[in-house]
Amino acid sequence: DAKTTQPPSMDCAEGRAANLPCNHSTISGNEYVYWYRQIHSQGPQYIIHGLKNNETNEMASLIITEDRKSSTLILPHATLRDTAVYYCIVYNNNDMRFGAGTRLTVKP
Amino acid sequence: EAGVAQSPRYKIIEKRQSVAFWCNPISGHATLYWYQQILGQGPKLLIQFQNNGVVDDSQLPKDRFSAERLKGVDSTLKIQPAKLEDSAVYLCASSLNSRAPEQYFGPGTRLTVT
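So the protein lines, in turn, are chains A and B.
Using this note's numbering, the letters of the first sequence map in sequence onto residues 4 to 111.
Using this note's numbering, the letters of the second sequence map in sequence onto residues 3 to 116.
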């Protein structure tokens with residue numbers, strides 16, 4: 004079973020920031036938080052990962068709470084091409100267990 | 003760089019038939035994964051290879067599924083005999099090594115068992 008809880012769906016207006024929450028209250032100290040997304044009919048795509056510090060790359064920012072029990076993926080300026088299922092995964096070199104993810108729909 | 007290649011993209015078979023899927027990972031990637039994704043669910047790991055050795059096949063239904071990566075590059079996943087519940091997308095992914103954070107996924111093979 005996935006060790007994360009995500010809302011099943013979210014909407015976001017084009018050009019606005021998309022904030023996708025994830026709860027991982029049972030995360031262990033050596034487990035990372037990973038985010039992948041899956042655009043329709045494609046394989047999943049890596050976005051970002053972090054341990055306890057906030058992380059930013061060209062795609063997104065990852066904010067992890069101090070107690071590490073939850074995190075938020077931020078897409079700063081969502082576009083229509085960001086419409087996808089977003090998976091939050093807790094991972095420590097064991098198998099990467101995907102949950103059902105959050106279906107983000109970016110609307111014009 | 004070329005991505006992960008998979009073939010075929012689509013396959014329709016009848017139950018009790020056999021089927022094979024092929025995957026060519028990114029050049030230089032030592033670790034290869036096969037996932038099964040049932041409609042509406044996230045991908046589920048079936049098997050992980052490190053070069054030509056199996057690292058984890060705990061979720062592979064070994065009575066009907068088999069996989070190999072003989073030369074540590076390409077890999078095949080076989081189902082024999084297929085059941086209706088095997089209808090899914092079969093995804094192949096690769097990573098530089100087992101500790102690399104990023105897995106690169108192929109487009110998948112959509113299998114329909116009738």
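These aren't lab readings, by the way, just hints derived from the structure by calculation.
There could be a bad hint or two in this list.
As the list claims (entries may be wrong) - The following residues of chain A were derived to be distant from chain B, with all beta-carbon distances above 10 Å: (1) R19; (2) N26; (3) P47; (4) Q48; (5) H52; (6) T59; (7) D85; (8) Y90; (9) D98; (10) R100; (11) A103; (12) G104; (13) P111.
Stated by the list, open to error - Pairwise CB distance ranges (calculated): (14) A:G18 - B:S29: 25 to 33 Å; (15) B:S20 - A:K55: 26 to 34 Å; (16) B:Q19 - A:E69: 20 to 28 Å.
Where is the CB? At the ideal position from N, CA and C, for every residue including glycine.
Results for each hint:
In this structure A:R19 is separated from chain B by more than 10 Å, as the shortest Cβ-Cβ distance comes to about 26 Å. Against the 10 Å criterion, A:N26 stays outside the reach of chain B, whose nearest CB is about 16 Å from its own CB. Listed as outside the interface, A:P47 is inconsistent with that label: its C-beta sits roughly 5 Å from the nearest C-beta of chain B, within the 10 Å cut-off. With a cut of 10 Å on Cβ distances, A:Q48 falls inside the contact zone with chain B, its closest approach being about 7 Å.
Consistency note on A:H52: stated as away from chain B, yet its beta-carbon is not over 10 Å from all of that chain's, at 5 Å minimum. Every C-beta of chain B lies more than 10 Å from that of A:T59, the closest at about 15 Å, which supports listing it as non-interface. Every C-beta of chain B lies more than 10 Å from that of A:D85, the closest at about 18 Å, which supports listing it as non-interface. Not every beta carbon of chain B lies more than 10 Å from that of A:Y90, the smallest distance being close to 6 Å; the non-interface claim is violated.
Chain B draws A:D98 into its interface by the beta-carbon criterion, the shortest separation being 4 Å against a cut-off of 10 Å. A beta-carbon of chain B is positioned within 10 Å of the beta-carbon of A:R100; the least distance is around 8 Å. With a minimum CB-CB distance of about 6 Å to chain B, A:A103 fails to clear the 10 Å threshold, and the non-interface call is violated. In this structure A:G104 is not separated from chain B by more than 10 Å, as the shortest Cβ-Cβ distance comes to only about 6 Å.
Every CB of chain B lies more than 10 Å from the CB of A:P111, the least distance being 26 Å, so the non-interface label holds. Hint check: A:G18 to B:S29, Cβ distance near 38 Å, so the stated range 25 to 33 Å is violated. Separated by about 47 Å at the C-beta atoms, B:S20 and A:K55 break the suggested range of 26 to 34 Å. Range check, B:Q19 to A:E69: Cβ separation about 54 Å, and the 20 to 28 Å hint is violated.
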